[in-house]
Each structure stands twice: as structure tokens, then as C-alpha cells.
Amino acid sequence: MSSAPAKTPRLIPETRPTSAIQMVLDTIVYRTRERLELINITRDLNDVIRRHGMKAGFVIVQSLHTTTAIFINEFQQALLDDMKSFLEKIVGRFEYWRHNDPRLSECDRKNADSHLRAMLLGHTVSLPVRNGALALGGWQSVILAELDGPRERAIQVQVLGIPELPER
Amino acid sequence: MSSAPAKTPRLIPETRPTSAIQMVLDTIVYRTRERLELINITRDLNDVIRRHGMKAGFVIVQSLHTTTAIFINEFQQALLDDMKSFLEKIVGRFEYWRHNDPRLSECDRKNADSHLRAMLLGHTVSLPVRNGALALGGWQSVILAELDGPRERAIQVQVLGIPELPER
Amino acid sequence: MSSAPAKTPRLIPETRPTSAIQMVLDTIVYRTRERLELINITRDLNDVIRRHGMKAGFVIVQSLHTTTAIFINEFQQALLDDMKSFLEKIVGRFEYWRHNDPRLSECDRKNADSHLRAMLLGHTVSLPVRNGALALGGWQSVILAELDGPRERAIQVQVLGIPELPER
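So the protein lines, in turn, are chains A, B and C. With numbering that gives the first Met the number 0, letter number 91 in the first sequence gets 90, and the count goes up by one each step, no holes. With numbering that gives the first Met the number 0, letter number 2 in the second sequence gets 1, and the count goes up by one each step, no holes. With numbering that gives the first Met the number 0, letter number 59 in the third sequence gets 58, and the count goes up by one each step, no holes.
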């Protein structure tokens, strides 16, 4: 019940005076296999960072489709199954949706549920880069949610950073 | 059921060595018309990018109110109506909420539902800029959700980018 | 019902030609007190911005745990209680979840609900900095959601900006 100031913030600073910030924009294409599928894309994101030699900075990851999403969580099989059944429960695929009604919509994919699930999960994530990799917490993975597969899907990865750490 | 490594990532890189990164911060004001309304702001965001001559970089879009939200989806009328009825179902306006109870709260707008819906949709979105425009997927629009209108509302648009593409 | 183009956008531009963009990455550690707790971290974020003398730019705030989240809303006690009861209702702690089932999962925290609630709220927020502080709306606070406390928790704060406003 309490949300009192229950905190003693402690700071671990790390400053990076920046000389030449670089910007890169990559696209990664996935071939998904299920209608509702969760894909760990952390390694692919780190590959982009590494390929461009970025040491510090940040990444914007963007799902390029309205029926895919990007979010952060633990990538554990039992939990992934929970996420899927939760999404299926909270937005019922076979409820009445106007987007699936041929009198109201030209969309023939009957994927209103996919759109609404993506709306809840979100389409972009921004993350710091440290020591040449995503600065994620120990249990965190970046997850691409396929919500209307199987299809070919693309994400965009923008890295803005510095290739070399400055001397301190 | 499977979320096996169902992917064959393919890469389409596009590198932009950056010389002079510029930063701009704009505010756009909207006059909304409904209590629950979804507004396509994609064109207005692209206008900001174009006005400042930004060719590559990224944009942070931020709703400046607790009862508005910013998200990405397809802007199709039947689907917009589904989004609204979904939001109305998942957070009932006339359920008991402490924020609407005059014994517990000084807020007289009775808008707890608006706050909770905004919490689900989110207040900020970050997106790459490419070729002088938002690098969105083909069906993607950036949508401002008015959740307690009609009112005058503002969003902030920050662009960080480079005015000219470097020679390759 | 209508989501017609109910808007008359009005623009308030503010341009900042940028000379030397700096990048800093800080970690803030919190000691939480409840299982489900909402903590206003706005002041701590502004302290990071101030300590590094950043005048304009933007901030990426990231929760470093899968069972914490970062979001924006009004920090009002009655509303915070509504947020908590909404999260408790929408993802039931004691429903059957595979992640809590010792036959399917090695996790002994029984915290599937915490993961799913974090999935809905999100792990990162990006915000502009203006005049040496977060450029938030009048009622907006940045909130850290502890969803499986009490524990020691960390967030990352990345600031990318310029220390001095250029002459106009």
C-alpha cells in the first residue's frame, strides 16, 4: 500500500567526453514461423554494434510492422509461453472486431488482435551501449514479437555512438 | 507454441559517418474534439524534420500530458474504433477508482481511466529519420491518443540529426 | 466515435545548433520496500542532468531488471493506488503461470505476474532535456515500478547533450 520515498539512491557515474559521434542505420530481416512467436534478437543487435565498431552510445530498435512489437524481458521458455497465453487472453483473436468485418474493413487478414497486442507491447525501444554491446541487465533480452506470422519481417537498428573510448 | 530460433537474419546496412549533428526541439499544439480520440501526427512530425532540413538522425516524440499517449500503429478507421473499444473495455471509465473519489483525491476530472490507459500506451516513441523523413514501415503511423479530451494538447518533437548526407 | 482530423497544429520551434555533444551514462541504485511499489525518480534524473552540466539534449532512462519498469504519469497517491490495483487485476498473481510451475521452470520467485506487468509498462523511456532539466509536462513524473520487491534495484540514465547553450 505504501509508496513512500523508499529509496536511497546511490550513483555510479561514468562520463564519456565525446569527440566524433557516428550514426548508423541497419535493417535486419527475420523469417518467422508461427502466428504468435517471440524471438530473442539481442545477439543480432550486438552484432550490429560490433560490426560498426561502436564502443559507447545508444541504440534505437524499431519494429517496422504494425503487427510486430519490440520489448524487453527475460527469455525463458515457460515465461514466453505465459506471455503468449496472456496476450491471447487479454486480446481475444475471435472476439468481434470491426477491423475483421468485411463490411467495415478491406483487411482480409483478420488480424485486429495482432494490432491491439502490438499497441500494448510497443514498437520501439531505446537502449544504451557500453563496452561495445547493449548495456542490458543480467536477465534482460530484447524480444521481437511476431503477432501475425508466419511472415518475413524487418526491424530497424539505429546506433548513435563513438567508435573509440576517449582517453581519460 | 514454438518460439525456436525461427529466423534467418539478413542485414541491409546503411552507414552514415557524421560530421555535425544538430539538435532541435519543437512543440506542436493540437485542439482535440473528443474524449477518446486518435490523431495521426505522422505528417506533422515529417514537417518538423523537413523544416529543419534534417536528412538523417532520429526523433523523440513525447506527449506532454499524463492523459495523452503516443504510439505506433495502422491508421485505419475500423481499427481505430477497435482500439477505442478495447481501451474502454480494459480500463472501465465508471469502475471505482480512488483518483475519482473526492474523499481521496482533489482531481475533479474523474479521469482515472485516462491515466491508466495512457500508462498502457506509453508517452514517448523514438524513431529513425532517413532521407529527410521518419523511417516508418509501410503501414505505420505515429498516433497521438487523446484520452481525456476535448482539450488543447501539446507534444514535443526532438530531432537529432545531420542536415546533409555526407559524400560516400 | 469520430477521429476526424480534429486538429489545428500550432508550432513553437526552438532550434539549437549543436557544437560539442557530450554523452554520459550513470547508474542509480534504489532500495525498494514493497512487492509492488511506484517510485518517483524525476528528481534523481534531474540531478544526473545537473551534475553533468547538460543544458539541452535528451535522456534515455532504462530499468535494468525484467521485473521493474519505467513509465510516465502523474504521481498522485490515490492514482498510484489505482495503478497498483489495476496491475493486480489485469495480471493476477495467483493465476496459473508456467513460469511459477516447478515442473516447467527453475525460477523459485513465483513472479510471472511481475514479468507480465513489466511487459505492459515498458522498460525504457526517452525524454528531451531543456534548460538543464527533463522537459516534462506540468503533471508528468518519471516513475520506476518495482514489481517484485523489496530488493535492491538499478536504473541506467544516459544523457546525450550539450553543456552550454550556444549563442543565438
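No wet-lab data here; the hints were simulated from the structure. You may find that some hints are simply not true.
You can't tell identical chains apart in this list, so a pair holds if it fits in one copy or across any two.
Unchecked claim - Below, a list of computed lysine-lysine pairs in the DSS-like style, where the Cα atoms sit at most 27 Å apart:
(1) K109 x K54
(2) K54 x K88
(3) K83 x K54
(4) K88 x K109
(5) K83 x K109
Hint-by-hint comparison with the structure:
no. : hint       : result
1   : K109 x K54 : neither (44 Å within a copy, 37 Å between copies)
2   : K54 x K88  : neither (42 Å within a copy, 43 Å between copies)
3   : K83 x K54  : neither (35 Å within a copy, 39 Å between copies)
4   : K88 x K109 : both (17 Å within a copy, 20 Å between copies)
5   : K83 x K109 : both (18 Å within a copy, 18 Å between copies)
In summary, the structure is inconsistent with hints 1, 2, 3 from the numbered list given earlier, while agreeing with the others.
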